[in-house]
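Once you have looked at the hints, place chain E on chain V.
Protein chains: 2
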Amino acid sequence: MTNDLFLRACRREPVERTPVWMMRQAGRYLPEYRAVRAKVDFLTLCKTPELASEVSLQPVDIIGVDACIIFSDILVVPEAMGMKLFVEEGKGGPRFETPIRTRADIQKLAVPDPNRELKFVMDALRLTRKHLNDRVPLIGFAGSPWTLATYMVEGKGSKNFRAMKELIYSNPKDAHVLLEKLARTVAAYLSAKIEAGAQAVQIFDTWGGILPPDEFKEFSLRYIEQVLTLLKSNGVPTIVFCKDCGHSVEAIADTGCTVVGLDWSIDIAKARMMVGSTTALQGNLDPTMLYAPPERIRDGVKKILEKYGKGSGHIFNLGHGILPDIPVEHAKAFVQAVKEESVKYHQ
Amino acid sequence: MTNDLFLRACRREPVERTPVWMMRQAGRYLPEYRAVRAKVDFLTLCKTPELASEVSLQPVDIIGVDACIIFSDILVVPEAMGMKLFVEEGKGGPRFETPIRTRADIQKLAVPDPNRELKFVMDALRLTRKHLNDRVPLIGFAGSPWTLATYMVEGKGSKNFRAMKELIYSNPKDAHVLLEKLARTVAAYLSAKIEAGAQAVQIFDTWGGILPPDEFKEFSLRYIEQVLTLLKSNGVPTIVFCKDCGHSVEAIADTGCTVVGLDWSIDIAKARMMVGSTTALQGNLDPTMLYAPPERIRDGVKKILEKYGKGSGHIFNLGHGILPDIPVEHAKAFVQAVKEESVKYHQ
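Residue numbers (our numbering), protein chains in the order written: chain V, 7 to 353; chain E, 7 to 353.
Only chain V is shown next, with the shape it has when bound in the complex (with noise of 0.2 Å):
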């Protein structure tokens, strides 16, 4: 491979200098994208492997990231459980028609095989390999079952999630019959996309951060977990990324992932002593660091790349997704001074 620095840093073995991706790289900020965009709608995108195919290389010709995710979105893995997925533009992200409210609602969720219900994500897994060519490494990515379970339930975004709460705490019962049949179903999918060539894989526990400590742990990380337990991983690196959960960074690398995501809530400082023996860091500058002017964002990579201090084991990425109003040239300056300002902190 031409660039394996991302999954050296993985696995905590030696680099030349930091590797860097962001998470939603191949999004609306990039002009390229958006033009793919004007001509299909965002679920006919998902399921074109070709022109999901082409908006995941985008970040890797115009940015020059060391990693390339392959675009999609979380919710397809409800809708191939059964759910009808629908976007209305201009209203946000996708949503469910029929939220789940019910334990039969819930029984009738199938597990989809993914290699017939979601061969649209391998076919774009491997059309990407062979046009990556080797040059930086595929991620694969899922939603944790609590994050895909929370939409599944509320149907969409929320602000209190009123309805996945009432779930939990009135009948807890059933909220783990639908969080381990995910969990299954999350497993299934990634090992999948493993075997259709990604190279690591990342759980995005988006609304972990909705929850106290401990029902974050009997809710949320207990099914990532299972999810790693069962995965098929034939040995490629998996990243954890829970949302606002600084609160439980040692037991989410208790989990056996190769990599915690990081937020831009904890001192990357503070959680490498926490669990940088053990397992490597991703993150963690402020998403919204990249509206201020070039300069700005160099001292913010320095200052977090001082944080976690010499040696291999970090991966630089944002603490959550790159907006969709953020310069690209912002964008560039930011991976450059990453490029640029790191390689010290390896010799």
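To be clear, the hints were calculated from the coordinates, so they are not data collected in a lab.
Among the clues, some could well be false.
The list cannot tell twin chains apart, which means a pair is met if one copy fits it or any two copies do.
To be verified - Think about it this way: if two alpha-carbon atoms lie no more than 25 Å apart in a straight line, the pair counts; the simulated SDA-like pairs of lysine to any residue are: (1) Lys223 - Lys313; (2) Lys338 - Ser176; (3) Lys308 - Val117; (4) Lys276 - Asp79; (5) Lys162 - Asp10; (6) Lys97 - Phe167; (7) Lys350 - Arg101; (8) Lys179 - Lys316; (9) Lys338 - Gly315; (10) Lys238 - Gly161; (11) Lys187 - Glu346.
Just chain E, lined up with the frame of chain V:
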């Protein structure tokens, strides 16, 4: 005073049981509150001492909480500094017509005399003290300088807080000028509240958690500390509540506040270990747990009491404001559960 449990717990003095109140306890979940609001708009309610006092007293009479917090809105302070505030019914909370964007905007802001421009708040406090007749203590509050600045710069609540983040990352000097002016304003405002009868004051830092830990300290906590330094407290307890700032519990206690308010993302046992020998703690039930049936609410209460353990220094509360669609019976069950279950921890 008939019931001074709240004040004694703030000072970590012995109590017979754990006191309890709820953030936003004077609010929409109460039909009696909605009846008052049906007659006047939100800002009129804030600015009419008789009505503000009436709704402040409702939860004392109806729910049986151990403290009364004066009904008001944090944004009346920037309004008194010269910003025009308005409410569009059905479109969320109050907003500013012209957000602050330039240094000139910041320089134009006045440091108001709270006994003149915010006299309606002081009148409401005096009236409420009179009606309370020493049944329970009266709490005054203010937004933190950072949280007020965020609303002033964004104009309203925000998802990514782009304008405020651009200000601190690209133009930190201006941000500091604004925050310093706000610290003086808030200190004068809270001092006047204490003079008018508030027996404790709480600073709400609703948006401290959008910052990385270092920036939280630089742009939020530093100015909370300044407020506390400038405050003419006359020995009344001070509560600092920073949402989503579990990363900085020790630093918050180091401001010298009497009580650290906790949201539900931190384990109260851990927080007590960190700061409990110097500082009382307030919190921290997940507010959505009040959607669950009363038996389940009681279990949640018991778990937090058990985590805090024996001894004084705990004021029970929700981890954030009570939600507007919580059934009144559930709020009552919550308060009752604390009153009953906490006795054994104080024997």
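Against the structure, the hints come out as follows:
no. : hint            : verdict
1   : Lys223 - Lys313 : between (28 Å within a copy, 16 Å between copies)
2   : Lys338 - Ser176 : between (48 Å within a copy, 18 Å between copies)
3   : Lys308 - Val117 : neither (45 Å within a copy, 38 Å between copies)
4   : Lys276 - Asp79  : neither (32 Å within a copy, 37 Å between copies)
5   : Lys162 - Asp10  : neither (37 Å within a copy, 45 Å between copies)
6   : Lys97 - Phe167  : both (18 Å within a copy, 20 Å between copies)
7   : Lys350 - Arg101 : neither (46 Å within a copy, 48 Å between copies)
8   : Lys179 - Lys316 : neither (46 Å within a copy, 32 Å between copies)
9   : Lys338 - Gly315 : within (23 Å within a copy, 52 Å between copies)
10  : Lys238 - Gly161 : neither (30 Å within a copy, 50 Å between copies)
11  : Lys187 - Glu346 : neither (45 Å within a copy, 39 Å between copies)
In this structure, the hints that do not hold are numbers 3, 4, 5, 7, 8, 10 and 11, in rising order.
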